[in-house]
Amino acid sequence: MRFFLLILPLLALGSPIASGKGHARVDWIAMSKSCLPGKPVETAVRMVIDPGWHTYWINPGEGGMKTTFEWKLPDGWKVGEIGSPLPKRFLTGDLPGFGYEGTVLFPLGITPPADFSGTATLSGTVSWLACNDGACVPGESEVTLQLSAGPPAPTGEAGLIETALAKVPSASDTNYKLHLVEDGNFLKLRIEPSDKTTPLLQTHAFPATPDVIDAAAEIRFATDGGGWSARVPKSEYATRPIEKLALVLAGPDGVSPISLSWQKSH
Amino acid sequence: MMKTIAFTILAGAFALVTSHAAEIGKPAPDFSVKNTAGETVDLASLKGKVVVLEWVNYQCPFVKKHYESGNMPKLQETYTAKDVVWLTVSSAAEGKQGYYDATKMAEVAKEQKNKATHTLMDTDGKMGKAFDAKVTPHMFIINKDGVLVYNGAIDSDPKDPATADKLFANALDAVLAGTPVENAKNKPYGCGVKY
Numbered sequence: 001m002r003f004f005l006l007i008l009p010l011l012a013l014g015s016p017i018a019s020g021k022g023h024a025r026v027d028w029i030a031m032s033k034s035c036l037p038g039k040p041v042e043t044a045v046r047m048v049i050d051p052g053w054h055t056y057w058i059n060p061g062e063g064g065m066k067t068t069f070e071w072k073l074p075d076g077w078k079v080g081e082i083g084s085p086l087p088k089r090f091l092t093g094d095l096p097g098f099g100y101e102g103t104v105l106f107p108l109g110i111t112p113p114a115d116f117s118g119t120a121t122l123s124g125t126v127s128w129l130a131c132n133d134g135a136c137v138p139g140e141s142e143v144t145l146q147l148s149a150g151p152p153a154p155t156g157e158a159g160l161i162e163t164a165l166a167k168v169p170s171a172s173d174t175n176y177k178l179h180l181v182e183d184g185n186f187l188k189l190r191i192e193p194s195d196k197t198t199p200l201l202q203t204h205a206f207p208a209t210p211d212v213i214d215a216a217a218e219i220r221f222a223t224d225g226g227g228w229s230a231r232v233p234k235s236e237y238a239t240r241p242i243e244k245l246a247l248v249l250a251g252p253d254g255v256s257p258i259s260l261s262w263q264k265s266h
Numbered sequence: 001m002m003k004t005i006a007f008t009i010l011a012g013a014f015a016l017v018t019s020h021a022a023e024i025g026k027p028a029p030d031f032s033v034k035n036t037a038g039e040t041v042d043l044a045s046l047k048g049k050v051v052v053l054e055w056v057n058y059q060c061p062f063v064k065k066h067y068e069s070g071n072m073p074k075l076q077e078t079y080t081a082k083d084v085v086w087l088t089v090s091s092a093a094e095g096k097q098g099y100y101d102a103t104k105m106a107e108v109a110k111e112q113k114n115k116a117t118h119t120l121m122d123t124d125g126k127m128g129k130a131f132d133a134k135v136t137p138h139m140f141i142i143n144k145d146g147v148l149v150y151n152g153a154i155d156s157d158p159k160d161p162a163t164a165d166k167l168f169a170n171a172l173d174a175v176l177a178g179t180p181v182e183n184a185k186n187k188p189y190g191c192g193v194k195y
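Protein chains in written order, with this note's numbering: chain S, 1 to 266; chain V, 1 to 195.
Fair warning: there could be bad hints in the mix.
Said to hold, decoys possible - Not the full set, but computed from the structure, chain S residues with beta-carbon under 7 Å of chain V:
1. Phe90
2. Thr92
3. Gly102
4. Ala135
Unchecked claim - For lysine-lysine, the following DSS-like pairs were computed, each having C-alpha atoms within a straight-line distance of at most 27 Å:
5. V:Lys74 <-> V:Lys104
6. S:Lys66 <-> V:Lys144
7. V:Lys47 <-> V:Lys144
8. V:Lys26 <-> V:Lys104
9. S:Lys21 <-> V:Lys126
10. S:Lys88 <-> V:Lys166
11. V:Lys159 <-> S:Lys88
12. S:Lys188 <-> V:Lys115
13. V:Lys115 <-> V:Lys185
14. V:Lys166 <-> S:Lys244
15. S:Lys244 <-> V:Lys159
16. V:Lys166 <-> S:Lys234
17. S:Lys234 <-> V:Lys129
18. V:Lys144 <-> V:Lys65
19. V:Lys115 <-> S:Lys66
20. S:Lys244 <-> V:Lys47
21. V:Lys64 <-> V:Lys104
22. V:Lys64 <-> S:Lys66
Stated by the list, open to error - Now the stretches of chain V that chain S is said to cover, found in silico as 3 or more residues with beta-carbon under 8 Å:
23. 56 to 69
24. 187 to 195
FYI, nobody ran anything at the bench for these hints, they're computed from the structure. Ideal Cβ positions, reconstructed from N, Cα and C, are used throughout, including at glycine.
Using the sequences and the hints given, assemble the complete structure.
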């Protein structure tokens, strides 16, 4: 009887036992389970989010929280910066946010030491906040990855990681220049291409820096001379002069995501 | 005809602007809401007192952290002892996460060692919307003249209240000391208010 009393409230919360804590499950996958000493291997943290729930991007918008990663690596191993794929916009109740639904892969390049031999176990901790309209639940999970020294051999997940890499915005500050001017409660943004024939794919546009642009605002650039301009409402939390902004843009269906950055010159 | 339309549009635009009522440095929106004992608490009658508003949802993990660690009750105890009126506000609609009827809310508040002056039952969300309370916990401070002087987070770091920048407490100390509030407006973290 006592057993049922314990179990029933858990079931009422939406079967956390079946799905993992925090309405999402994570694991760490690799393009190859073997790698040569000193040669990088592409891996990814895969997050499978329960239907109806979402987790958050590097700019969570309002009320959310970005997903964070911490690594525990054996001596001599190096990790690159984890990739954050193009997010979606959603509302949590009334709060506008950016993040992920369904399955999302966060690509991560790993480099073994030059004297790597045998097998190594890498581990990390992923922390996130999952929300739906009714509730927010924090999640935290350990992930591990075992790699052996040897010539690379693609795993069954190699294709997934390849696809995931294409969804991560690439820094394009050499192809485009982003400008920002404050204008009362608005921001005037301008993008200039280094090559006038370069088009701007902007079906999707997201502010990657939190609290600069109003998270609810749609960002649309109009052709303006040799570049593109947009006027967007400032975030109500931008109470001090804006120092920097990173914007992420992508074409239809999220193709060719790019990241542009602006920094105030002093 | 054209003029009427233009006027209507203007009036509409004006209404949109003024609906952002809770602005730093402006009089706080008036409210009149029942506490868990069924008594009406209204802002007008609190003039001359520093008033704290704390949006709550005891089922929200961010709120839980501040109650289970004892941080929120300690703040309530500390500042009510300094003659601050502390109003814990629940704007959860019936059926939503964090909603309890007044009797149950009073019980839960007691269990959680809530030391606020009152817990207000803003079940229809009117007070929450007037202040644009977005998350739990979301903190507001109203000074003795009824002016809103703080709108923001309880602290800077949801992961570790112990090492976080105590944004709200610093603001309240400044208000009580009669000095300007730094960071009077900042983005609160937490669960969305379940209107």
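Results for each hint:
1. Among the interface hints, the one on S:Phe90 is violated; its C-beta lies about 12 Å from the nearest C-beta in chain V, farther than the 7 Å criterion.
2. The beta carbon of S:Thr92 comes within 5 Å of a beta carbon in chain V, closer than 7 Å, and the hint placing it at the interface holds.
3. Annotation: interface hint on S:Gly102 violated; nearest CB of chain V at approximately 21 Å, more than 7 Å.
4. Annotation: S:Ala135 was flagged as interfacial toward chain V, and the flag holds, the nearest CB pair being 5 Å apart, inside 7 Å.
5. Pair hint V:Lys74 plus V:Lys104 holds up; C-alpha atoms about 22 Å apart against a cutoff of 27 Å.
6. With a C-alpha separation of about 37 Å, the suggested pair S:Lys66 and V:Lys144 falls outside the 27 Å cut-off, and the hint is violated.
7. Restraint check for V:Lys47 and V:Lys144: satisfied, since their Cα atoms lie roughly 6 Å apart, inside the 27 Å limit.
8. The suggested pairing of V:Lys26 with V:Lys104 is violated, with an alpha-carbon distance near 35 Å, which exceeds 27 Å.
9. Between S:Lys21 and V:Lys126, the direct Cα distance comes to roughly 34 Å. Violation of the 27 Å bound is thereby established for this hinted pair.
10. The suggested pairing of S:Lys88 with V:Lys166 is violated, with an alpha-carbon distance near 32 Å, which exceeds 27 Å.
11. At most 27 Å may separate the alpha-carbon atoms for a hinted pair to count; V:Lys159 and S:Lys88 meet this at roughly 25 Å.
12. For the hint linking S:Lys188 to V:Lys115, the alpha-carbon distance of about 47 Å lies beyond 27 Å, and the restraint is violated.
13. Between V:Lys115 and V:Lys185 the alpha-carbon distance is near 25 Å, which keeps this suggested pair within the 27 Å criterion.
14. A C-alpha spacing of about 25 Å is found between V:Lys166 and S:Lys244, which places the hinted pair at or below 27 Å, so the restraint holds.
15. Annotation: proposed proximity of S:Lys244 to V:Lys159 holds, straight-line Cα distance about 25 Å (limit 27 Å).
16. Note on V:Lys166 and S:Lys234: the hinted pairing holds, with a Cα-Cα distance of about 25 Å set against a maximum of 27 Å.
17. Of the pairs offered as hints, the one joining S:Lys234 and V:Lys129 holds, with about 21 Å between alpha carbons and a cut-off of 27 Å not exceeded.
18. Note on V:Lys144 and V:Lys65: the hinted pairing is violated, with a Cα-Cα distance of about 30 Å set against a maximum of 27 Å.
19. Simply put, V:Lys115 and S:Lys66 have alpha-carbon atoms about 32 Å apart, too far for the 27 Å limit, and the pair is violated.
20. For the hint pairing S:Lys244 with V:Lys47, the CA-to-CA distance comes to about 41 Å; that exceeds 27 Å, so the pair is violated.
21. The suggested pairing of V:Lys64 with V:Lys104 holds, with an alpha-carbon distance near 17 Å, which does not exceed 27 Å.
22. A C-alpha spacing of about 19 Å is found between V:Lys64 and S:Lys66, which places the hinted pair at or below 27 Å, so the restraint holds.
23. Only residues whose beta carbon comes within less than 8 Å of a beta carbon in chain S count, and the region 56 to 69 of chain V has 4; three or more means the coverage holds.
24. Counting residues of the region 187 to 195 of chain V whose CB lies closer than 8 Å to any CB of chain S gives 8, so the stated coverage by that chain holds, three being the minimum.
The structure fails to meet hints 1, 3, 6, 8, 9, 10, 12, 18, 19 and 20 from the earlier list, while all remaining hints are met.
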